[in-house]
Amino acid sequence: DVKVTQSSRYLVKRTGEKVFLECVQDMDHENMFWYRQDPGLGLRLIYFSYDVKMKEKGDIPEGYSVSREKKERFSLILESASTNQTSMYLCASSLYGTGRQETQYFGPGTRLLVL
Amino acid sequence: AQSVAQPEDQVNVAEGNPLTVKCTYSVSGNPYLFWYVQYPNRGLQFLLKYITGDNLVKGSYGFEAEFNKSQTSFHLKKPSALVSDSALYFCAVREGGYSTLTFGKGTMLLVSP
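Quick mapping for you: the protein sequence lines, in order, are chains A and B. Under my numbering, the letters of the first sequence match residues 1 to 115, in that order. Under my numbering, the letters of the second sequence match residues 116 to 228, in that order.
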């Protein structure tokens with residue numbers, strides 16, 4: 001079974017703090033993704049990565065950065081947390097398939113509260 | 116640009132009755148379509164996907180979905196609902212060719228005993 005783990009289930013931070021969210025997958029997947037989930041808005045893509053040291057902006061990258069130094073690990077960084085970044089953050093990974101049929105597998109999520 | 120719509124915020128159904136959760140999509144090329152389910156305080160779990168071939172796709176937990184190209188729809192169905200099916204359901208689409216998934220806003224399914 002694919003396993004995607006996230007470093008924290010719940011996190012409380014103060015405005016202005018630098019926040020690191022870590023995601024690790026154990027299936028040697030090339031692709032990794034960070035989403036945020038908000039009620040009534042569904043999932044919105046923040047950043048994704050196709051390979052080590054590669055990153056691409058998603059739909060809502062402002063206020064975030066990412067790091068992928070190893071294939072299995074993809075970190076989301078909030079440089080200076082703000083209250084509007086209070087949300088559920090979901091990490092996902094998938095294979096890079098020539099058929100482009102990749103299924104994304106999700107971690108359990110990190111619920112972040114910024115005070 | 117690709118997009119997906121889930122027109123119902125919530126669907127209520129009695130246990131044992133059939134259920135349908137609606138999804139329509141818009142893409143410029145061939146669609147790859149997915150359904151995911153999210154239980155409370157959990158990540159998303161993959162249910163099923165349509166890539167090509169048979170328009171009726173069967174997935175996990177007795178769910179199935181029908182791809183209708185003329186109506187650009189991919190509705191999720193189950194013949195007999197269970198209380199344990201109560202969860203948040205997401206439809207997602209990707210165009211043929213390498214690109215990212217676009218998710219709908221989700222539909223809450225509530226199955227009453």
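Honestly, the hints are just simulated from the structure, not real lab data. Given the structure is predicted, the values throughout are model-derived calculations rather than measurements. Ideal placement from N, C-alpha and C gives every residue a C-beta, glycine not left out. Be a bit skeptical, because a hint or two may be false.
On the chain B side, residues computed to face chain A include the following (Cβ under 8 angstroms) [claimed, not checked]:
| # | residue |
| --- | --- |
| 1 | Pro155 |
| 2 | Lys164 |
| 3 | Val172 |
| 4 | Ala202 |
| 5 | Phe205 |
| 6 | Leu216 |
Just so you have them, the derived chain A footprint on chain B, three or more residues with Cβ under 8 angstroms [to be verified]:
| # | segment |
| --- | --- |
| 7 | 156–163 |
| 8 | 219–226 |
Quick rundown of the hints versus the structure:
1. Pro155: Result: violated, 11 angstroms to nearest chain A Cβ.
2. Lys164: holds (6 angstroms)
3. Val172: violated (13 angstroms)
4. Ala202: violated (14 angstroms)
5. Phe205: holds (7 angstroms)
6. Leu216: holds (6 angstroms)
7. 156–163: With 6 residues closer than 8 angstroms to chain A, the segment 156–163 of chain B meets the three-residue bar; holds.
8. 219–226: holds (count 3)
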